[in-house]
Amino acid sequence: MTSHSPGFRGIRRAALAVLAASAALTLAACSGGSGAATEQSGDTGHGDLTVQLSWIKNEEFSGEFFADSKGYYDEAGFSSVNLVPGPSTGAAELASGSADVALSDAVSIGAAVANEGAPLKIIGTTFQKNPFTILSLKAGGDIATPEDLKGKKIGVQDSNASLFKALLAANGIDESELTIVPVQYDPAPLVNGEVDGFVAYLTNESITVAAQGLEVTNLPFADNGLPFVAETISVTDQAIAEHREALKAFLVAEIKGWTDAVNDPEEGARLAVEEYGKDLDLNPENSKQGAITQAEQLVVSDETVANGLFTISESLQAETIASLAGAGIVLEAADLFDLSLLAEVYEEHPELVKYAG
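In this text, residue positions in the sequence shown follow the numbering used here: the first is 5, and each later residue adds one.
Hints are computed from structural coordinates only; laboratory data are not their basis. Incorrect hints may have been included.
[Stated by the list, open to error] DEER-style ranges, computed between Cβ atoms:
1) 84 <-> 353: 17 to 27 Å
2) 151 <-> 246: 43 to 53 Å
3) 78 <-> 196: 42 to 52 Å
4) 248 <-> 155: 51 to 61 Å
5) 49 <-> 91: 45 to 55 Å
6) 284 <-> 322: 48 to 58 Å
7) 215 <-> 248: 39 to 49 Å
8) 354 <-> 78: 15 to 25 Å
9) 185 <-> 300: 30 to 40 Å
10) 78 <-> 175: 46 to 56 Å
11) 86 <-> 338: 22 to 32 Å
[Claimed, not checked] As a list, the in silico EDC-like pairs of lysine to aspartate or glutamate whose alpha-carbon atoms are at most 20 Å apart:
12) 154 <-> 198
13) 169 <-> 227
14) 74 <-> 323
15) 358 <-> 307
16) 157 <-> 178
17) 154 <-> 178
18) 292 <-> 306
19) 156 <-> 78
20) 358 <-> 306
21) 74 <-> 52
22) 154 <-> 179
23) 292 <-> 279
24) 142 <-> 52
25) 74 <-> 278
26) 252 <-> 268
27) 169 <-> 323
28) 292 <-> 307
29) 154 <-> 181
30) 74 <-> 268
31) 157 <-> 198
32) 252 <-> 78
33) 74 <-> 198
34) 282 <-> 270
35) 142 <-> 198
Bear in mind the structure is a predicted one, so any value in this text is a computation, not a measurement. Glycine is no exception: its CB is placed at the ideal position from the N, C-alpha and C atoms.
Sequences are here, hints too, so could you generate the full structure?
So, in C-alpha cells, the structure goes:
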C-alpha cells in the first residue's frame, strides 16, 4: 500500500473550531494529561511528553524514530515521549492541551496565529525547504517552470487550494489561465492523464509515481516563489514561558535523532517500515528513497552546515513571512518564530552543530 501525504497541511476547520472555542488555551503540560505536567516536586526529569505528528508514521519522522529507539529522549530526561500519528496540523492539539509539541508547518501555524490569535510559536524546523511540488509526467504536462502551468489542468486538493493560488500569485499567473481540478491525495488522476499536473510532495507522490516506471517532472514550490519552512517544531507561548528547559531538552534529543537520520537515511527508512510504521504496509524502496531525498534536499542547507540542524535564518524567516502574505496570512517574524531556545541549546551544546558524519 502506498502512503499518500496529506498535501498542504493548512488549518483544518476542526482546528479552527477548537482554537476559536478555546479562549483559555492551556498546554497539556499544565492540564495533568501529558507533557511536563508530570514533573513532580523534587523530580529532576521532565516527565512525559506528547508529540503530535503531521502525518502517519513513515520515514518523514525518521529523526524522531532514531531519538526514541536510541534513547535520546531518555537521556534528555523524559519518562516517555508519545509520538501520535496524524494527519494533523497540530494546532488543535496544542490549543486543547492534548499535545505538548506539534510537528507542523509555517502556514498552518501562521494561519492559527493570524486568524485566531492562537498563542503559538515555531521554535525550530526539520525541513529548511518545504516539500510541495507540482508533479507532472515528462511525457505529459512536463511542467518545469511556472509558465508551463498556463493552459494546463492541475489537480489540487481542497486543503491545498489557498497554497496553490499563492503559488500562482507569486508567479504572476491568473487562475483563468489554467484549469483547477479538485482531487484527493492519490496521484492516479495524473497517471491516468485526467490532469496535467498534481500538487504533491517531493518525498512522497513524486517518488511513488516514478517507481511505476514513469519519468516525472517537478516544479518545487520552494524554488518558485513560495519558500517556507515545514515540519516545524511548534509549541504554545505558555510552554516556552513555563517549561523552557524541557523544550530545550527535547530539542537536544531531536537534533541527535535527526543527525542520525541525515547520516543514515536507509536505517531511518527501515525504522519506519519495520518498526514504527510496521502496520502501514509501507513500500521499503519508496520509503528509502523518501528518506534519502529529505536528508539530502530538505533537512540540510548552507544555514544548517554553519549553525546546526533546525535553525531558521533571518532570511528564511523573512521568506516564510513573505510566502504567508501571498496566502493572505499577514504576520511579522516575531509573531511566528522564537528561535531563542535553539540558540541557547547550541550555546550550551556546541558539539551538536556539527551533524555531518
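To see whether the hints hold, each was checked on the structure:
At roughly 23 Å, the beta carbons of residue 84 and residue 353 sit within the given window of 17 to 27 Å. Restraint check, residue 151 to residue 246: a C-beta distance of roughly 51 Å satisfies the suggested window 43 to 53 Å. Distance hint for residue 78 and residue 196: a CB-CB separation of about 48 Å, consistent with the stated range 42 to 52 Å. Checked against the hint of 51 to 61 Å, the pair residue 248 and residue 155 passes, with Cβ atoms roughly 53 Å apart.
Taken as a hint, the range 45 to 55 Å is violated for the pair residue 49 and residue 91, whose Cβ atoms sit roughly 31 Å apart. About 37 Å separates the C-beta atoms of residue 284 and residue 322, a value inconsistent with the hinted range of 48 to 58 Å. The hint said 39 to 49 Å for the Cβ distance between residue 215 and residue 248, and at roughly 44 Å that hint holds. Checked against the hint of 15 to 25 Å, the C-beta distance between residue 354 and residue 78 comes to roughly 23 Å, which is consistent with it.
Separated by about 32 Å at the C-beta atoms, residue 185 and residue 300 satisfy the suggested range of 30 to 40 Å. For residue 78 and residue 175, the hinted distance range of 46 to 56 Å is satisfied, since their beta carbons lie about 47 Å from each other. Taking 22 to 32 Å as the suggested C-beta distance range, the pair residue 86 and residue 338 conforms, at roughly 31 Å. Between residue 154 and residue 198 the alpha-carbon distance is near 16 Å, which keeps this suggested pair within the 20 Å criterion.
Distance restraint check for residue 169 and residue 227: the Cα-Cα separation of roughly 16 Å lies within the 20 Å cut-off, and the hinted pair is therefore satisfied. Between residue 74 and residue 323 the alpha-carbon distance is near 35 Å, which puts this suggested pair outside the 20 Å criterion. Between the alpha carbons of residue 358 and residue 307 the distance comes to roughly 12 Å, so the proposed pair stays at or under 20 Å and holds. Between the alpha carbons of residue 157 and residue 178 the distance comes to roughly 14 Å, so the proposed pair stays at or under 20 Å and holds.
Proposed proximity of residue 154 and residue 178 is supported: the alpha carbons are some 9 Å apart, at most 20 Å. A distance of roughly 24 Å separates the Cα atoms of residue 292 and residue 306; the hinted pair therefore is violated under the 20 Å criterion. With a C-alpha separation of about 51 Å, the suggested pair residue 156 and residue 78 falls outside the 20 Å cut-off, and the hint is violated. The hinted pair formed by residue 358 and residue 306 meets the criterion: a straight-line CA distance of about 12 Å does not exceed 20 Å.
Simply put, residue 74 and residue 52 have alpha-carbon atoms about 17 Å apart, close enough for the 20 Å limit, and the pair holds. For a cut-off of 20 Å, the pair hint linking residue 154 to residue 179 stands: about 9 Å separates their Cα positions. The suggested pairing of residue 292 with residue 279 holds, with an alpha-carbon distance near 14 Å, which does not exceed 20 Å. Taking the CA atoms of residue 142 and residue 52, the gap is near 48 Å; set against the 20 Å cutoff, the hint is violated.
Between residue 74 and residue 278 the CA atoms are separated by roughly 16 Å; this keeps the pair inside 20 Å, and the hint holds. This hinted pair does not check out: residue 252 and residue 268 have alpha carbons roughly 24 Å apart, beyond 20 Å. Under the criterion of a C-alpha separation no larger than 20 Å, the hint pairing residue 169 with residue 323 is consistent with the structure, at around 17 Å. For a cut-off of 20 Å, the pair hint linking residue 292 to residue 307 is broken: about 25 Å separates their Cα positions.
For the hint linking residue 154 to residue 181, the alpha-carbon distance of about 5 Å falls within 20 Å, and the restraint holds. Between residue 74 and residue 268, the direct Cα distance comes to roughly 13 Å. Compliance with the 20 Å bound is thereby established for this hinted pair. Restraint check: the Cα-Cα separation between residue 157 and residue 198 comes to about 8 Å, which is no more than 20 Å; the hinted pair holds. Our distance criterion of 20 Å between C-alpha atoms is met by residue 252 and residue 78, whose separation comes to about 14 Å.
Pair hint residue 74 plus residue 198 does not hold up; C-alpha atoms about 45 Å apart against a cutoff of 20 Å. Between residue 282 and residue 270, the direct Cα distance comes to roughly 16 Å. Compliance with the 20 Å bound is thereby established for this hinted pair. Between residue 142 and residue 198, the direct Cα distance comes to roughly 15 Å. Compliance with the 20 Å bound is thereby established for this hinted pair.
Comparing the model with each earlier hint shows violations of hints 5, 6, 14, 18, 19, 24, 26, 28, 33; every other hint is respected.
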